[in-house]
Each structure stands twice: as structure tokens, then as C-alpha cells.
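> Chain B: place on chain A using the hints.
Respectively, the protein sequence lines represent chains A and B. For what it's worth, numbering that gives the first Met the number 0 labels the leading residue of the first sequence as 0, then goes sequentially. For what it's worth, numbering that gives the first Met the number 0 labels the leading residue of the second sequence as 0, then goes sequentially.
Hints are computed from structural coordinates only; laboratory data are not their basis. Since this is a predicted model, take the numbers as computed values, not measurements. Just so you know, nobody snuck in bad clues.
In silico lysine to any residue, SDA-like type, Cα no more than 20 angstroms apart, as pairs:
no.	chain 1	residue 1	chain 2	residue 2
1	A	K100	B	A36
2	A	K393	B	P172
3	A	K100	B	E57
4	A	K278	A	R268
5	B	K45	B	K62
6	A	K399	B	D160
7	B	K45	B	Y33
8	A	K393	A	P329
9	B	K91	A	R98
10	B	K47	B	I31
11	B	K91	B	L145
12	A	K100	B	P164
13	A	K399	B	S170
14	B	K62	A	F97
15	A	K399	B	F165
16	A	K100	B	N101
17	A	K393	B	A162
18	A	K100	B	I31
19	A	K393	B	V163
20	A	K100	B	V163
21	A	K100	B	S60
22	B	K62	B	E74
23	A	K100	B	S170
24	A	K278	A	W311
25	A	K100	B	N67
26	B	K45	B	R133
27	A	K393	B	F165
28	B	K91	B	A176
29	B	K189	B	A130
30	A	K100	B	G94
31	B	K62	A	Q102
32	A	K100	B	D58
33	A	K100	B	R83
34	A	K100	B	F165
35	B	K62	A	A96
36	A	K100	B	L55
37	B	K189	B	D112
38	A	K399	B	A162
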Amino acid sequence: MCVLVDNMDAGMSTPSYLKAQTRCPLQEHFLPRKSSKENLDRFIPNRSAMDFDYAHYALMDGRKGKDQSAAVSSPSKEAYRKQLAETMNLNHTRILAFRNKPQAPVDLLPTNHSASLHQQPKSVKPRRYIPQTSERTLDAPDIVDDFYLNLLDWGSANVLAIALDHTVYLWDASTGSTSELVTIDEEKGPVTSINWAPDGRHVAIGLNNSEVQLWDSASNRQLRTLNGCHQSRVGSLAWNNHILTTGGMDGQIVNNDVRIRSHIVETYRGHTQEVCGLKWSGSGQQLASGGNDNVVHIWDRSVASSNSTTQWLHRLEEHTSAVKALAWCPFQANLLATGGGGGDRTIKFWNTHTGACLNSVDTGSQVCSLLWSKNERELLSSHGFTQNQLTLWKYPSMVKMAELTGHTSRVLYMAQSPDGCTVASAAGDETLRFWNVFGVPETTKKAAPKTAPEPFSHVNRIR
Amino acid sequence: MASKTAAAKDIITLHGSAAIVSEFFCYAANSILYNRAVYPEESFVKVKKYGLPMLLIEDESVKSFMSNLTSQISEWLEAGKLQRVVLVIMSKATGEVLERWNFRIETDTEVVDKGVPREKSDKEIMREIQAIMRQVASSVTYLPCLDETCVFDVLAYTDTDVAVPFTWVDSDPKLIANPQMVKLHGFDTKIHKVDTLVSYKNDEWDEEE
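Looking at chain A on its own, in the form it has when it is part of the complex (with noise of 0.2 angstroms):
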């Protein structure tokens, strides 16, 4: 028996066929043996956690890529850099097993793959499984089928509102019960968007006639109608607390501070053609608005005055559709993601502070609406022609963790529950769907007492 050990095992000091003969645990010398558990007061390298490749690399200051040329150097060398230049691919790999397993040799059923104990720093949460068919689906007849409108959102009291043509209708999602809000008379609507307030009982609704009207949900009853921020309709509405801010298809954005008589406090321009999406960041401090004209804005708060022609802080122009998918990254500060209509079809990430382009990605259709999870690192976008599905990426891999399909139309609307686990989503082909895309807090707890035991059965079994 020929047994080599390779050289990418640097630094270990025995090769495992003295172990085979005297059985022994020989570890690296600078290894000690209980170095994964106890955390002695020396760096104790953990060598499966460790990418040797590219400690090599960022010590020697090591070359790039696949380097099929013949080495000068020695044969491990040569080793070293086809492994390394292997391992620096492996953000640009994918790991995947068959789903499904043989049966396991004892007729009892199959060991749980998840419950894994290795101290690898990268978590390894088990991977939730995400149901590939909508959890239920509601009728939603008369919905109109137009990609610059925004007829759906999901209030923070968790009520959902959607506008079907000239009605607007609410429903609980926790009791399941649908009741009409408002139907818009003839002349003024249909509705053309709509917005929850943060408080989640007030409700903006904008109509085709330029009209924003106001609703309190609970005594549904209106409270006022802003007019005058637009000449034609208002495709997009977008909340900062006491602010409303309207994007309409004059190309204009408004901020109308909803408290006081006049209304209207400042006015964007920079869009030539319909505002179709607008999003406040997070800290309530940038605008991200995208238009038909395939320019996104990026508007800050801080940079005052109406009076100047160019305000905007911002302006990205690299799609090169219609942008109506936007949204605001919820774990990193000045992350947008914006994504691009048919003739587009991208999904671009940009800083928002400094305005630098920072990955796009081509999806191969169009992309309607965004959402970023709460709960992992991930993003849903929702697209049209062929396939009307919704894909579920992995950030910052942008690796693809699921395909929902069922809509037979595109998917213009999206909306998030408050606790982030479920996503409604409602198209042309008049249905509303739900999903339980983004998994659920609970779950990823429930995981732990299940590692729980091992490491202390590891214990039972070194002494």
C-alpha cells in the first residue's frame, strides 16, 4: 500500500500510516488535542475551517486563476496553486446533493443530515425547506394588469390591502376575513396604488386622477384627499412617518407632510417619464425612486431646497428597463437592490453613499418587485414572462435557493407580512398567493437543542 499524504497538508507533522501503526492520535504539534474545545491562550488553527489555499495565498502574495502552465517551481507547488486556484473559485461554487437519499442500511429511517457538530466558524443551520407551491391562494378578480401600478401592500397590523380596479378591500391575515374599504367612484379611479402608513391603521390610496386620498382603516372612514402634487396618475406611494411621498406618471415625487393644510413640502424632479417605484430606506434618510425612463434616484434628506435644478444625490442610470423593484437592504446600511423590466432583466446592488455599482446579476426575466428577508440573508425577487416565478437568492452569493412557480401571469405585486415569513404576491392572472418563503425565527432555534447534545456527548467519550 501506497499511502501519500498531500502536500496541501502543510505543517502536519506525521503521515497517517505511522498512525496506522501505532494507533494513535498524533496530532500537528502546534495542535493540541482538545484545541477545539477549550480555548487555550494560543491560536489553535482549526484546520477544517481553515482554507489553507488561501492562507497560502494572502501569505505568499500568491497568483490568480487557473494557471495551466507549466510550473517552474516543484510539483507541490504546482499542487498548491491548482488547489488553490480551485478553492478561490469556491465563492463561484455551488455544493449540492440528491434529494433523494438511499435508504439507510438498518430498516430504521434515515439520520437526519442536518444535526451536523463540526466547528466550522460558517454556520451550519440546517437548510429550511421552503414549500415550492403557494400556501394559499385567493381570488383576485378585476386586479389590473399593469406593471407601473403598486396595488399591494401589507400593514404593519397585519392587514392586507390590495386594490382590485376601483375597490380597495382589506384582509386579515390573521383572521382570514375580507371586508371592503372604499370603492372609488367611476370617474376618479381605478386605483393606481396603495400604501399602508407605519402605524398600520392609516392607508394612502392614489388614483388615476392624480387624487391621494387618505383612509383610517379602523373607523373606514376618509380623512382627507391631497391634491394638486400631480397632473396625472399616482403610480407610487412610499411612508416616513408623518411624510407621504407620491410618484406620478408626470414624472414627478412629491413629499406631502399629511399633518399640516398645505400639503405639499418639497417636490423632486429628475424623472422624465412615470415614477413606478419608490422606497424609503430604512433610517428614513434616502429615497430610492425608480422610473419608466430607466433612471433610479437616489434623494437624501439632507440635501435641502427645492429651488435647485439638480437634487438628487444620486443618479444610476445603468438599467436599461424600467425600474420598478426597489428595496433597501435590512442588515446592511446604504444597500439597494434594484431590479430591471423585461428589456432589463437584471438585479443590481448598489451603495447608496456612494453611488458605486457594487453586482448585477441577469435573472432572464423581468424583475417586478424585490423583498429582502428579515430573518437570513436572502432576497425574493418576482418576474414575469416565461415562467411568472418568484426566486429566492442567497445574498451575497446570489446563489439560487428556490423557484416558486403557479402564477400563469406575471408577477407585478409583492408584498411582506410584518413578522417577515410569509410574502403575498398577486398578478394578472387575478389570483393572490402566499407563500412561506422566508422560513420562520422559530425554526432556526428549534435547531440548536438539537445540536445541543453532541459536543457533550463528544466530552462523555474523552474522559
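Coordinates of chain B only, in the frame set by chain A:
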């Protein structure tokens, strides 16, 4: 074998190489399962392959798992998207990864892109594979005993742009903490180069005490 007919046999195409590698993987996996006693001896049947008596498992579910695997691996190999295949042996009770058989694959991208064939004698590839199989069989001498009931799984490391059928899911790498590693022989079809490495969990640390 310097005859002209043998020269024709020496041409390896991408398709042929992919077939060789996926077939190798199937037999190697079966051999590992037999030698590491993941499945009882009686569930295996002897066949002749690579000039050696190779063992193949009879169990239907494992057989279908293997065949699905090999066909998918073959597909990925032809596309040049497969980076490595890992056979993981885990304890059934605790799910702890005990052994990891790592088959790293290097694809000659020129062949994938342009479809040029390569030349290598069939016999030589056979010889290389034989050597690996013999090594796997003899690995029992140094690999720690697997006392408990074990199950296995196969992971495929692919490029991110690969087309993944829904029968495959994303997985974590199932690494072993502080493993011992032994490099085995590899083989090369001139289109695909396969390296074999087995890493296993260290034996009980308290044995020294």
C-alpha cells in the same frame, strides 16, 4: 498494444471521458460502501470490472440513487461544470461526518469548449483506475473502524451557473473537524483528471492518556 486498431481506441471524446469518470465514481462509491461496511457484505454482488472483482450493491434504493447520480454527474462532466464529487459517510445515530471521500475533478476546458478529442490508451486509464480501486480496498488498514451504523451521502461541487434539476438541493459541505487526510492515486483521461483524497475523523483523542 501498438496496433492500428488500438490507436483508434485511444481517442477519447468528452462524452467518453465523462462516461469513464461517472462509471468510475459509481464503482468507487460501491467499493467504499463495501469496504467501510456501510452496508452489510451480503448486499453486494461481484462483477468483473477494471480487471478486478468489483462489488456492486443490490439494494434497489441505493442502486437507483447511484444511477441517478452517475447520469447527472455525467451530464455535468460533459458541460465541464463539475468540480468535485464527495462521498460522505456519516454516523446514522448522530449524523456526525466520519469520513469524506473527495474526488476532485479537473476538466480540460478546451475540450468542453471546442469538442476536440484527446488521445490516451484505454489500457492505461484502466490501470490507473485499478490502482485507485486497490488503494480503496486496502484503506481499511489505516482508516479508523466504523463501529456504528453509518449512512452515506454524495455531494457535488459544481459551478454556480450550472443547471440544477429539482432533484438536487443545496447542501453544506459536511466537513470534518480536524481531519486526517490521505491522498490516493488519481487517474487522468486527458480530458478529465480525477484526484482522490480521503479525510477522516481523528480517532479518539483520549487514547493517548
